[in-house]
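Participant: Residue numbers (my numbering), protein chains in the order written: chain A, 1 to 108; chain B, 1001 to 1703.
If you're looking for bench data, these hints aren't it; they were derived computationally from the structure.
If a hint is listed, it holds; no wrong ones were tucked in.
So the derived list for chain B, only partly shown, Cβ under 8 Å to chain A, looks like this:
#  : residue
1  : 1004
2  : 1023
3  : 1024
4  : 1025
5  : 1026
6  : 1027
7  : 1028
8  : 1029
9  : 1030
10 : 1031
11 : 1032
12 : 1051
13 : 1054
14 : 1055
15 : 1059
Note that CB positions come from ideal geometry on N, CA and C, so glycine has one too.
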Amino acid sequence: MTQHTLGEFEELVLLMVAAHHDEAYGVIILEGLEDKLKKKVNISAVHVALKRLTDKGFVKSRYGGITTDRGGRRKKYYTITALGKKMLDSQYSLRTSIYKQIPKLSFG
Amino acid sequence: MEMGPPKNAVKFLRWFCREDYVEEIEGDLTEIFEKEQKQSPRQAKYKFILSVIKYFRPGFIKPFKRNHQTNHQAMLRHNFLLTFRNFKRYKSSFLINLIGLSTGLACTFLIYLWVSDELNVDKFNKKGSRLFRAMEHRVRATGIWTSQTTSGPLAEALVSDMPEVEYAVPTSWPQPTTLSLNDKNITAVGRLAGKEFFNMFSYELIAGDANQVLTDKNSIVISDVLARKLFNTTQNVVGKSIEYQHESPLMISGIFKSMPVNASDQFEFVGSFEKSKEGQDWLLSWGNTGIQTLVLLKPGINVEAFNTKIADYIKVKTKNEITYRTLFLKGYADDYLYGKYENGVQVGGRITYVKLFSIIAIFILLIACINFMNLSTARASRRIKEVGIKKAIGAERKALVVQYLSESMLMSFLSLVVAMFLVYISLSQFNMITGKHLVFELDGNRILLFLGVTVFTGLVAGSYPALYLSGFNPANILKGRLSSSFGELMARKGLVVFQFSISILFIVSVLVVYKQIEFVQSTNLGYNKNNLIYFNLNGALRDVKIQETMLEEMKRIPGIENASSTNHNMTGHNGGTYGVEWPGKNPEDKTEFERMTVNYGLIETMGMQMVQGRSFSRLSGTDSSAIIFNQKGIDFMGMVDPIGKVIKLWGKDRHIIGVVRDFHYESLHENFKPVFFILEPNNTYRIMARLTAGKEKGDSQQH
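Chain A extracted, bound-state conformation (with noise of 0.2 Å):
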């Protein structure tokens, strides 16, 4: 298999599937990065995203339980998978690494 990479948007995704443990399903993490971000993203684009992370093995998904809410619809709530908080380490300390390489400037 191939080693797996992850987009700029799916970084930021998976993130967010991290920080919201257990909970985070399409909605939650939409209103998360559009907080964060500080501007407006499509739905699609997230599910898009999480749709790939579920491919490369970085998250899993279960069901929620039936509510009134959403038209009867089932919540898909996604959880980060080993593999996917290797990678996000991974990520992190690559940046931190190279962050650290950079001598110290001040743009006065």
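Fit chain B to the known structure of chain A by using the hints.
Facilitator: For chain B alone, coordinates are given in the frame of chain A:
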């Protein structure tokens, strides 16, 4: 007010979206929609629809293919196996179905071959869209009469006066002519034509140049077939000389390939029209008609506009002398299918039959299909247990529909094979009846059409049984309770009624046609047509003395009762004149009288009846200035006691010696028209002979 998300968008989403995603997506979209609806319902709705559309992408769309492929193949094999077993088990219904469908298909294909041949007649000319025939509407006492005959000077005048005309040529009708090479005499059908004839038509020249073959007035262009008949070869024939009508030598200037069989004009040679002008002054005047004029317009000319322009052309050319003839052009190839005119209006022609037969073909096919449907539904009880068991073990209705459709499809393809065979063996007989030269060739289009018709037949024939049989309730069937609903019964009865009424319609039509033919054969034409034969005189036989001797000789043959000669073939309008003048004639009246130039004894030979007076007689001595009319002619002139009265024909006095009972010489649909007979043996070139009844063969053949 709380509103749900837009229904159609949800429907669309559910239709295309993969089942493992649809719930999540729909739920999330609905949640967003519900939140946003509180601020702006319209915007929420708009956003919902837009989002749904955004999901219409490969990752979320349902796969088109079902993963039952192997199952399909197995089902197909199973269906065919069942079909074959059924055919084997019920041989009689299989045969009835096969015969019904294959004869239906064969009829349809034969009619198709005929129709497509009819539609292609005269379509072989490359410049066909610009090729026209000049025709005239002529005002007559009996109404407007439309004719293909034109005046001799028309072609030349059109070319010089009308810039729209590329070429215009005068031409005669193809007729049998005697050609001789040394001692060999051959009768060949040929025509005379103006020199650009080969530039206008797509007759392929094997030898000779289209621009030059007819420039010399003593030239003749012959077909490859005629060349082989005369010289046994088509090589080195150009430049040789052959004798035309035992009158004059003509030089062969070119050879053309024989025209396709579906050309309406069939001829074996073309001579120069210039030649025929010699000694035929009538060809130089606008007052006479008798030849065709063919016109090739330049590209892009609107023929309707051109027709308005030339309508008065003859009036203008004759300086208002001839006002009753309206000139117009008609597509050369159109004439075959749209040749019928009534009172100056185009009223169809053969196209009527083409349409009629196309409809008949469709109905025949429908009857065959209905026959199949009825047979399969009527024997449904045989198959009903099969349906019940299949359904009970979980067969879908769709699978049963497919089974019965594949059964009927197989049936129709078997019928196609049989039908092809039937067409193949019956084609020569069919050609004989229709007078066609159809060939059963399969090109791409025909194969597609035949396959299309077959698939259509299979679908139509199989549709009702498939839907009917597959619709049974398995519980009822297996309990042995089979009840047809009122609607089903009505549908089946309706089909039977439809099938029978169309069959009866066809049978009655055939009877009517049969009666009509019988009527045409037995109706009294005004002369005795039984045992009457005629043949044309060519070449030297046209000489009046030889003709006289020949008639005398013929009368001595025991099998021949009587013989005489005439100009007229008795089967249609041959030629007429308005040069008859009588006291009280309206000078404006241009009604044409049919002209019959005859020899002594023609009226007797034909068995025509004299109503008044007498026929031409050698005893009288003055009959060369006499004239005989038919009753219609006398009525038309308004004469009460015609015998002995004097009228003028072409300015000369002629005395009426007799009146002939009206007789038919045109279609029985036509009214009687005025006819006169004059005695001019030197202007007759058809021998009419009456054979003795019962001796038609034998004696007369020996001579």
